[in-house]
Amino acid sequence: MDTKEFTEKDFQEQIIMYGKILALLLFLTGVTFLQPLFISQGLEGTLFLQLVLASIKGFLIVAYYMHLKTASDVIKGTVYFTVFILGVLFVIMGIDSNMDDSVLDMFQAVTASH
Amino acid sequence: MSEIIYDKNNNAHEVTDFNDDVEGARQGMWLFLFTELMLFGGIFITYAVYFFDFTDDFVQASKNMNLWLGGLNTVILLISAGCLAMSVVFMKANKVLESKRFLLATIALAIAFIVVKYFEWSAEFHHGIWPDSPTLRGMSDGANMYFGLYFTLTGLHGLHIILGIVAMFWVLGKVNNGEINAKKFIVLENFALYWDYVHLVWVFVVPLFYMIGLSTGGAH
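Each protein sequence line maps, in turn, to chains A and B.
The C-terminal residue of the first sequence carries number 114 in this note's numbering, and the numbering is unbroken.
The C-terminal residue of the second sequence carries number 1220 in this note's numbering, and the numbering is unbroken.
Treat the hints as calculated values from the structure; they're not laboratory data.
Each residue gets a CB set at the ideal place from its N, CA and C atoms; glycine is no exception.
It is possible that part of the hints are untrue.
Here are the computed lysine to any residue pairs in the SDA-like style, where the Cα-Cα straight-line distance is at most 25 angstroms [to be verified]:
#: 1; chain 1: A; residue 1: 20; chain 2: B; residue 2: 1101
#: 2; chain 1: B; residue 1: 1092; chain 2: A; residue 2: 13
#: 3; chain 1: B; residue 1: 1174; chain 2: B; residue 2: 1101
#: 4; chain 1: A; residue 1: 9; chain 2: B; residue 2: 1183
#: 5; chain 1: A; residue 1: 69; chain 2: A; residue 2: 83
#: 6; chain 1: B; residue 1: 1063; chain 2: B; residue 2: 1157
#: 7; chain 1: B; residue 1: 1184; chain 2: B; residue 2: 1165
#: 8; chain 1: B; residue 1: 1183; chain 2: B; residue 2: 1026
#: 9; chain 1: A; residue 1: 76; chain 2: B; residue 2: 1037
#: 10; chain 1: A; residue 1: 9; chain 2: A; residue 2: 71
#: 11; chain 1: A; residue 1: 76; chain 2: B; residue 2: 1028
#: 12; chain 1: B; residue 1: 1184; chain 2: A; residue 2: 61
#: 13; chain 1: A; residue 1: 9; chain 2: B; residue 2: 1023
#: 14; chain 1: B; residue 1: 1117; chain 2: B; residue 2: 1214
#: 15; chain 1: A; residue 1: 76; chain 2: B; residue 2: 1032
#: 16; chain 1: B; residue 1: 1063; chain 2: A; residue 2: 34
#: 17; chain 1: B; residue 1: 1095; chain 2: B; residue 2: 1194
#: 18; chain 1: B; residue 1: 1100; chain 2: B; residue 2: 1183
Stretches of chain A that chain B covers, calculated by requiring three or more beta carbons in the stretch to come under 8 angstroms of a beta carbon on chain B [claimed, not checked]:
#: 19; region: 10-17
#: 20; region: 25-36
#: 21; region: 48-61
#: 22; region: 69-81
#: 23; region: 86-93
If you want a taste of the chain B side facing chain A, the calculated C-beta under 7 angstroms gives, among others [unchecked claim]:
#: 24; residue: 1030
#: 25; residue: 1049
#: 26; residue: 1052
#: 27; residue: 1071
#: 28; residue: 1082
#: 29; residue: 1085
#: 30; residue: 1196
#: 31; residue: 1207
Isolated chain A (complex conformation) (with noise of 0.2 angstroms):
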C-alpha cells in the first residue's frame, strides 16, 4: 500500500509538471519533424541532430514520466546497469562490424608471432 500522504499541493505540483513535460514533449516533437526542412544537412547531421532530439526527449520521458528522478537507488542502479551492458553490446557489434580482413590478418599475424 502507497502509505505517504498525497496533498493537494502534490496534486498541483504534478498536474504542472507533467504539463510542462508534455509541452516540452510537443515542441521537441515538432522540431524533430521541421528540422530537415530550416536545418539542411547531410546524412551524418541530419543523423546527429536527430539522435540528439530523441535522446533529450528520451531523457525527459525516464527521468519525469518514468519517475527515475526521484526512484530508489537500486532501481536507478538496474536502469544504468542495463545501459552500461547496452552500450558494451553496441561496442562490441560495432567493433565486430568494422572489423575487415585487414584488422583480422593484422591480429593473426601478431598472435603468430608469440
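Given the coordinates of chain A, assemble chain B onto it according to the supplied hints.
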C-alpha cells in the same frame, strides 16, 4: 508454515500478505523492462550494423516512408503517455472518475495508433512492399534489410501496443471494482511505466526509419 519477519527492535511479525510490497512491485516492473530493453536493443543493434553496411540503400528506402502518418502516430503516442500520467496523478488524489476518463482517453489513443499503423502498412502493401514480396526481392539487399527491420520493429512495437490496450482494459476493470484506488495504485503506476517504455521505443524508431530519408544526399 507462515513466514516471520523481524523489525529493528527484534520483534517478530507474521507475514500475511506480500501484495503491499510497492517497492518490490516497482523493481519487478523495471526488471521486466530490462528484458524488453534487451529485446528492442538487439533490433536497434542489428539496424546499426546494417545501416553501416548499406547506408545509401537505407537512406533511399527511408524516402518511401509516409512522414505524415509517422508524425501523426508520434503525436498520438505522446499525448497518450501524458493522459496515462494524468490518470495516475488523479488516482493518487482520489479523483477516480477523472482518472478513469484519462485511462479511457489513453485506450482511445492507443486504438487510434493501431488504426493509423494499419493504414500505413496497407499503403506499403499496396505498393507491393512486404517481407519477401516480389517487389522487395527486386530491390537492393540494403532495401530488403531496411524493410525487413522496419516490419519487424514496427510489428513488434504494434504488438506491444495491442497487448497494452488489452492490459488497459484489465486495469480499467480493477479501477471499476475498487482494487485500484487512491491507497493502492501500483498496478496503474506499473502499467504507466510499460506505456512510457513503449513510447520511448517509438521516439527512437522515428529518426532511424522516417527521418534519415530527408537528409540532403547520402553518406559522405
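Cross-check of the supplied hints:
For the hint linking residue 20/A to residue 1101/B, the alpha-carbon distance of about 21 angstroms falls within 25 angstroms, and the restraint holds. As the CA atoms of residue 1092/B and residue 13/A are separated by approximately 13 angstroms, the hinted pair is consistent with the 25 angstroms bound. Of the pairs offered as hints, the one joining residue 1174/B and residue 1101/B holds, with about 14 angstroms between alpha carbons and a cut-off of 25 angstroms not exceeded. Under the criterion of a C-alpha separation no larger than 25 angstroms, the hint pairing residue 9/A with residue 1183/B is consistent with the structure, at around 17 angstroms.
With a C-alpha separation of about 16 angstroms, the suggested pair residue 69/A and residue 83/A falls inside the 25 angstroms cut-off, and the hint holds. Taken as a hint, the residue 1063/B and residue 1157/B pair is honoured in the structure, with Cα atoms around 21 angstroms apart against an allowance of 25 angstroms. For the given pair, residue 1184/B sits about 21 angstroms from residue 1165/B by alpha-carbon distance, which is consistent with the 25 angstroms threshold. A hinted pair counts as satisfied when its Cα atoms are at most 25 angstroms apart, and residue 1183/B with residue 1026/B qualifies at roughly 15 angstroms.
Note on residue 76/A and residue 1037/B: the hinted pairing holds, with a Cα-Cα distance of about 15 angstroms set against a maximum of 25 angstroms. At most 25 angstroms may separate the alpha-carbon atoms for a hinted pair to count; residue 9/A and residue 71/A meet this at roughly 20 angstroms. With a C-alpha separation of about 13 angstroms, the suggested pairing of residue 76/A with residue 1028/B holds against the 25 angstroms cut-off. For the hint pairing residue 1184/B with residue 61/A, the CA-to-CA distance comes to about 24 angstroms; that is within 25 angstroms, so the pair holds.
Distance check on the hinted pair: residue 9/A and residue 1023/B sit about 24 angstroms apart at the alpha-carbon level, within 25 angstroms; holds. At roughly 21 angstroms between alpha-carbon atoms, residue 1117/B and residue 1214/B fall within 25 angstroms of each other, so this suggested pair holds. Distance restraint check for residue 76/A and residue 1032/B: the Cα-Cα separation of roughly 14 angstroms lies within the 25 angstroms cut-off, and the hinted pair is therefore satisfied. Only pairs whose Cα atoms come within 25 angstroms are accepted, and residue 1063/B paired with residue 34/A is accepted, the gap being roughly 16 angstroms.
Simply put, residue 1095/B and residue 1194/B have alpha-carbon atoms about 23 angstroms apart, close enough for the 25 angstroms limit, and the pair holds. Pair hint residue 1100/B plus residue 1183/B holds up; C-alpha atoms about 16 angstroms apart against a cutoff of 25 angstroms. Counting residues of the region 10-17 of chain A whose beta carbon lies closer than 8 angstroms to any beta carbon of chain B gives 4, which meets the minimum of three for the stated coverage. Under a criterion of three residues with beta carbons nearer than 8 angstroms to beta carbons of chain B, the stated coverage of the region 25-36 of chain A is upheld, 7 such residues being counted.
For the region 48-61 of chain A, the proposed coverage by chain B is satisfied: 7 residues have a C-beta within less than 8 angstroms of a C-beta in that chain, meeting the threshold of three. Residues of the region 69-81 of chain A lying with their CB closer than 8 angstroms to a CB of chain B number 6, which satisfies the three-residue condition for coverage. With a cut-off of 8 angstroms between beta carbons, the region 86-93 of chain A has 4 residues touching chain B; three or more are needed, and the interface restraint holds. With a least beta-carbon distance of about 5 angstroms to chain A, the hint placing residue 1030/B at the interface is held under the 7 angstroms criterion.
For residue 1049/B, the suggested interface contact is upheld, since its CB lies about 4 angstroms from the closest CB of chain A, less than 7 angstroms. Proximity of residue 1052/B to chain A holds as hinted, the smallest CB-CB distance being about 6 angstroms (cut-off 7 angstroms). Taken as an interface hint, residue 1071/B checks out: its beta carbon lies about 5 angstroms from the nearest beta carbon of chain A, inside 7 angstroms. With a cut of 7 angstroms, the hint placing residue 1082/B at the interface with chain A holds, because the nearest CB-to-CB distance is about 4 angstroms.
The beta carbon of residue 1085/B is positioned within 7 angstroms of a beta carbon in chain A (closest approach about 5 angstroms), and the interface hint is therefore held. Taken as an interface hint, residue 1196/B checks out: its beta carbon lies about 5 angstroms from the nearest beta carbon of chain A, inside 7 angstroms. Below 7 angstroms, beta-carbon pairs count as interface contacts, and residue 1207/B has one with chain A at about 3 angstroms; its hint therefore holds.
The structure shown violates none of the earlier numbered hints.
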